[in-house]
Each structure stands twice: as C-alpha cells, then as structure tokens.
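Student: One-letter residues, chain by chain:
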Amino acid sequence: MTCAVGVERKSVQGASEAPPLMTSFSADWGSDISTLKGVPWGKAMMWVFLVSDTFIFTCFLVGYMAVRMSTVEPWPNPSEVFALQVFGNSVPLLLIAIMTFILISSSGTMAMAVNMGYQRRKDAATSLILVTALLGAMFVGMQAFEWSKLILDEGVRPWSNPFGAPQFGAVFFMVTGFHGLHVSAGVVYLLTIAFRLRRGKYDESNFEIVEITGLYWHFVDLVWVFIFALFYLW
Amino acid sequence: MTEFEAPYQETMDVQHPRSWITRYWFSQDHKVIAVQYGVTAIAVGLVALVLSGLMRIQIGFPGLLPFITPDIYYQAVTMHGMIMVIFLLTAFLLGAFGNFCIPLMLGARDMVFPFVNMLSYHVYLLSVVVLMASYFVPGGPTGAGWTLYPPQAILPGTPGVDWGIVTMLLSLIIFVVAFTMGGLNYITTILQARTRGMTLMRMPLTVWGILMATVLGLLAFPALFVSAVMMLLDKLVGTSFFMPAIVSFGQPLEYSGGSPLLFQHLFWFFGHPEVYIVALPAFGVVSELISVHSRKNIFGYRMMVWALVAIGALSFVVWAHHMYVAGMHPYFGFFFATTTLIIAVPTAIKVYNWVLTLWKANIKLTVPMLFALAFILTFVVGGLSGLFLGNVIIDVPLSDTYFVVAHFHMVMGVAPILVIFGGIYHWYPKLTGRMLNNALGQLHFWVTFLGTYAVYYPMHYLGFIGVPRRYYANGVESDFYPASAVTLNEFITVAALVVGLMQFVFVYNLIASYFRGKRAGPNPWGATTLEWQTPNTPPDHGNWGGTLPTVHRWAYDYSVPGEEQDFVPQNVERRS
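Going line by line, the protein sequences match chains A and B.
61 is the number that this note's numbering gives to position 61 of the first sequence; each next residue is one higher, with no gaps.
171 is the number that this note's numbering gives to position 171 of the second sequence; each next residue is one higher, with no gaps.
The set of hints was computed from the structure by calculation and includes no laboratory data.
The structure presented is a predicted model; accordingly, all values stated were derived computationally and were not measured.
Beta carbons are placed, not taken as given, at the ideal position from N, Cα and C, and that holds for glycine.
Any given hint might turn out to be false.
Claimed, not checked - In silico lysine-lysine, BS3-like type, Cα no more than 27 angstroms apart, as pairs:
| hint | chain 1 | residue 1 | chain 2 | residue 2 |
| --- | --- | --- | --- | --- |
| 1 | B | K235 | A | K149 |
| 2 | A | K43 | A | K201 |
| 3 | A | K43 | A | K122 |
| 4 | A | K43 | B | K31 |
| 5 | A | K37 | A | K201 |
| 6 | B | K518 | B | K31 |
Claimed, not checked - A few chain A residues facing chain B, derived, Cβ under 10 angstroms:
| hint | residue |
| --- | --- |
| 7 | D32 |
| 8 | S34 |
| 9 | M46 |
| 10 | F49 |
| 11 | G63 |
| 12 | V67 |
| 13 | V72 |
| 14 | E73 |
| 15 | A83 |
| 16 | F87 |
| 17 | F178 |
| 18 | F231 |
Full structure from sequences and hints, please.
Tutor: If you want it as structure tokens, here you go:
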C-alpha cells in the first residue's frame, strides 16, 4: 500500500495542542505540504468522494420532486402503499420503520468499531465491522422483500402501478435501488476491510481505514434518512 | 509554517514496472497515464475532426458526397459535439495536463493513489470504446444532437434510436466514473501532497485552474450521471421521467406525465459548469505560457486565483441561460441573465491581468506564446458574443442560429483547443527531451488561428440573418436564405477543411519530433516552475530522485532586478 506512508504521521500531529480556530484555519490553508493537517490521504479522498456522491443523490431526489410535480395523475398515498398486514390490521410503514431502525443501529455499531480501531483493539473492531455488515445485509434483504411485495403482490411496475402516477414506481425503484446498491457495495467493502484487518494488513497504521470505511457507511445511512423522509413520509 | 512536517511523499514507494505491460500499458506513473490520456483524446478528437469535415462539406456543398444522408449528418453532428466536449477537451485538459502537471509542479512523486489513477485511464478508455462502438451497432450512433434532448432522443425518427442512444448514455456514465476516480486523485494530491514550501498561494496557476475545474467536475458530472441513468430507464425500461404523453407516427405511446424540461435542467446543471471545466484549466495554462514566454511575472496573481474560484462558484448558478426558449418561467430567465452577466466580472479580471502581464514585457513569439496570445483574442471574441446571448431578449431571436454556433465554438471550442496546442508545444520538451519542429509549429499556428477566424467570424453574420443551426440541407427547408449565405457557407467549408488538414501536420510533428527533434535540455524556456527543475529530462518514475525539492518562492520570479538570469526557479533559496 503506497498510502501507508502518509498515514503514519497522524500520531505526530495529534499530539500538538489545538490553536484557536480561525488562526489554525488560516495557518493550515496558508501552509505547505498538506492543507488538512493530520488527515490521511484516504480519508481526504473519501470526504471529497462523498461530497460528489451527495450531488448524485441530490440530483436523484430533485428529479423525484420534479416528476412528482409534472405528472398529471395523483401521487399514491405512501401510508397505504407501504402498509403491512399484521393479524388482519393494516399497519402503515411498519416494515420501513424496522428497516430504518436496523440501518441506524448499524451506524452505531460502525461508530463503536471506529472507536475500537483507534484503541488498537483489532478483534473487537473486526467483530463490530462484521456486525455492521450483517445489519447492512439485513437491510438489503428486507428491501428485497419490500420490492418483491410491491412487484409481485401489488403489481407496481416502473412504468405503471395501480395506485396512481406511473412515476411513483419509476422513481421509487430507481432511487431505493441506487441506495440499495450503495448499501450492498458497502457490505462488500466492510467485509473486505474486516478480512484485511484480521489478516494484519493495517497493523503498521493507525487503523484509520476503519474510520474511512465508517465515513462511507454513515453517509449511506444519512442518505437513507432523506430517502425515508421524502418517499415514505411525504 | 510547520518545519517539522515532512512531505508525505518523501519516502513514498513508487511501483516500479517489471515488464513492458506495466511500464507502458498498466503503468502507475502519472506521466505515462498523462500520455495515455493525451494520445487517446487526440485520436478520438481526430475522428470528431473528420466528422466535422463531413458536416461542413454537406453544409457548403449539399449533395457533393452522396453518402451523407440526413441520418449520417445528424449522427456526425452529435458525435462531433460529444467527442469534442467530453472525450477530447475534458479528457485532455484534466486527464493529460492534470496528470502531467500536478505532481511535477507540486514537487510530488506521483498522485496519491497511483493505482486508482491508472484505473481512471482504463475506465476512460472503456468509455471511448463504448462510444466508438456506436458506429458498429445496428442503426449507428444517436443523431439526437450532443444535448440529447428528450423526447426526440429516444423516439423513432431520430437516427440511432435503437442502439446508438444506449451506447452513448452508457459511455457517458462510464466516463463519469473514470473522471471521478481521476478527480479524487487530483484534489487529494493538490491538497495533501505538496512538497516543502509549496503553499497553496505559491502554486502555479495551472494547478489552480486544474484544481477548480476538478472541483466543478466532481459537483457537475453527477447531474449528467443522473440524467443519463434516467434516460436509459426511459429508453429501456419504459419509465416516464422525461417523457410526456406523446403521439408518435400517429400512435399514442405508453409514456405519460414526464418532464422534458427536467432533463434540460439536469443536463445544463452539468453542461454549464462543463464549459468552465474546460475553460479553467485553459485559463491556468495560458497564464503560465504568457508569464514564461513574456519573461514577466503574472500580473495580479492573487486576483487570478480568486477569479478562478469566483468563476467556479458562479458557474453553478447560470445553467438555465441555455434554456431561455425552452418554455421555462420567464422570471427564471431574468435571474439567470443577471448571474450570467456577473460572471463577466471575474472573467474580465483575468483578461485584463493577462494583458497587463504583456504590458512592457520581453515578449518572445515562440509557438506556445503565439497560441496563448491567440487564446486571449479568441476568448474575448467568444466572450463578447456571450454577452449578447446571455440577455434573454437578444437571445430569443438568436437561439438555434449560427450565431450560437459561432459563440460556443469561439469561446469553448477554439479557445481551449488553442491552449491545448500551446501547452503541448510548451511541455513536449519536458515530456520527451526533444523540441517540436518550430517551422511546422509556426505553420500549424498561423493556419489554425487565421483559419478558425475564417470559419467562425462569418457564422456570426449567418446567425444574424437567421440561418438556423443543425439543418441538413440549405435551400430545401430554408429557401429564405439570401444568396450571400450560401456563398459564405462554401467559404466556411473550404476554410474548415484547410484547418482540419493542418491538424494532421501537427500530429505528424508530434510523431516525427519524438524521433528527430532537436535535443531540448532540461529547461529550454527558462521557466521557474518545478517541472523544469527535475534531475532528469524526461523525468524518471518518481520524478525527483532521492529527495523532493524545497520551494522558496512563488512561481513567477521572472526578470527580477539584480538577478543574473531573467528567471529564478522556485527551488532556489532567497538571498537574505
């Protein structure tokens, strides 16, 4: 790993006491070598990527709002479409509430993994990453259940649905699908990192790779919050 | 400045190539990747050049080449535009100049993640292959125009509606992925991996231009990505994102309720910053060329940097000036006209500063300098016609005429291409150790420069008399043309063909000089920036040998009073 060199310096940097905010801001941006002091390359790169990815999701969501305005048919009522039958009662948003709870919880386990990583407790960090990946996989599995229910039982298609505007199915499958791809990719990413962590690939470093992975994971969760609000509550 | 801090890259371990394949094909050396990007972009650019020649022959002499049917013509229009904007200009300015200049000018050994950088080129190559595959699929490439406006882009009647539009959209999606991988590397390298003494405000303006353009790219390409995904779904799955209820060839289609205007908003939210993704690196490179070849420090360095930043920020709030006649709310037009005209302020700062750099300077009319001067002229011409088009009330009659064609070719076609030429003539000696042939360079410059004016100046007039763009044949749908327009079109075609042929002389020069060019030496132009101070020419993999250079001054110490030479390299210590 060519980046490992850049990564070691964090311990040197972290020791210095923090100067006042504005002074340190101008000092950092006026300095040579690095602008974001003590930030490993991988972490800086992940942040920049996430900003770019934010724009992708923003464009998707703005597109959703625009077609919701442009379509001529009424928009389906989400609390009816996303209801689950429990003992004969229709409970609105039950499945999605569980899914959201699971995904938010996975952010919690991820944060604990980052903490364990910086304490150099490798086994604990690995286990917590695996738990996070498991929760992520559960989320994707429940999403697959939700999709199959919508497609097979309710007859929702990307081009039409029995509830109203055809754009509902189109935009729902596109955006939740794109997010689901992010979660699936994140699960693979987490498993890879857990595997490499266990193999001792990062022993030379400060285990900030766990934090970098965590940044991505938290981002995917944060995006879900917006998707949840805009698709299920609006 | 924190003295104890060592550059991250000091001890960076570069991947040493073990075989021909890893040295020249899957190389992780930023210079090789730059050449790969450059060669691919030039190759695909030559295809687009030939296409433009075919278009011009059809416009100037309709029926001269009978194989140019309306389908072929519209496919050529589309492919020419898309290739030139995305696969040549963006890929060359960021992929080639970005990869070459960033590590060398910052005193770094390589990009921070060379593997990702290598991957970026190969994904870009894939996008080019998919795009070129358009010509081999049933029905040929799409003929929807480079803006790919729905609904026509995916409806029968448009050439390439079965396969061409799909390969085009896939190619764009792949390109966005490639650009993202490259762009993340550029930004991280510039922010985190400079050498000792290289503060942001000591960076050459080339690096500033590339940095701002990359930021724009990472924020604007997502909109292209999303619009391409949505249109692919409309085409392949049957969703109606961009498709209203529509009757096609007498048959009502399944589509309903979509918004074609949404595509235009998404497209131009990408499309306008795209203009500056192309322009900002060109601004940076041209600042470099003018300063080096006029032996004078750049005028107003700080203002140049802030103008780049301001242009970059403003470019995100002007996109709908491409849509004045698209049927959006008129108040939008008022807002976007205002922001558009505000951009003229930082742009004018840059132009004034270039001119003031030239003022009383020791100007050397080398080939790179000629191209830089030509850029200023061309950019001003294109910018001034932009003032007309930026105003709603003047834009309405000029929309979709040759005035628009003349404007955007001047400002974002010819102007950045001139900078690319200038940059190639400037950096070729460092890349290969040999000079490009000067006589051929002068010939190339004068024919290209005067030729493009012969091509695009008359187009302004054509636009004023109402000649519409993208028409297949004059005189059939457009009998209202005066005879002068027909004659002018013939003249333009001849000029365009001469300019096009001259580019092959340039390519010949590139190849021939590699083998037979005059030996250049490490610093033929007497430039101050770090890429000219490498221990070897061409620079080795890893660039700097044992230790990285230390920077003691800004990038523009030319003709400093009291110094022996008329330039002081950035890594020379200041005298106390």
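Student: Take the hints in turn and mark each one as holding or not.
Tutor: Right, here's what the structure says about each hint:
Our distance criterion of 27 angstroms between C-alpha atoms is met by B/K235 and A/K149, whose separation comes to about 25 angstroms. About 17 angstroms separates the Cα atoms of A/K43 and A/K201, which keeps this hinted pair within 27 angstroms; it holds. Distance check on the hinted pair: A/K43 and A/K122 sit about 19 angstroms apart at the alpha-carbon level, within 27 angstroms; holds. For the suggested pair A/K43 and B/K31, the alpha carbons sit about 25 angstroms apart, so the restraint of at most 27 angstroms is met.
Between A/K37 and A/K201 the CA atoms are separated by roughly 24 angstroms; this keeps the pair inside 27 angstroms, and the hint holds. Distance hint between B/K518 and B/K31 is fulfilled; the C-alpha atoms sit about 21 angstroms from each other, no more than 27 angstroms. At its closest, the beta carbon of A/D32 sits 5 angstroms from a beta carbon of chain B; the interface hint therefore holds under the 10 angstroms criterion. At its closest, the beta carbon of A/S34 sits 5 angstroms from a beta carbon of chain B; the interface hint therefore holds under the 10 angstroms criterion.
Satisfaction of the interface hint for A/M46 is found here, the shortest Cβ-Cβ separation to chain B being roughly 9 angstroms, below the 10 angstroms cut-off. Evaluation of the A/F49 hint against chain B yields a held restraint, the C-beta minimum of about 6 angstroms falling below 10 angstroms. The interface hint given for A/G63 is met, as the beta carbon of that residue sits about 6 angstroms from the closest beta carbon of chain B, less than 10 angstroms. Given hint, A/V67 at the interface with chain B, holds; its Cβ is 6 angstroms from that chain's nearest Cβ, closer than 10 angstroms.
Annotation: interface hint on A/V72 holds; nearest CB of chain B at approximately 5 angstroms, less than 10 angstroms. A hinted interface residue such as A/E73 counts as satisfied when its beta carbon comes closer than 10 angstroms to some beta carbon of chain B; here the least separation is about 6 angstroms, so the hint holds. Hint on A/A83 is violated. Least Cβ distance to chain B is approximately 24 angstroms, over the 10 angstroms limit. With its C-beta approaching chain B no nearer than about 36 angstroms, A/F87 sits outside the 10 angstroms limit, and its interface hint is violated.
The beta carbon of A/F178 is positioned within 10 angstroms of a beta carbon in chain B (closest approach about 8 angstroms), and the interface hint is therefore held. Nearest Cβ of chain B to the Cβ of A/F231: about 16 angstroms, over the 10 angstroms cut. The hint is violated.
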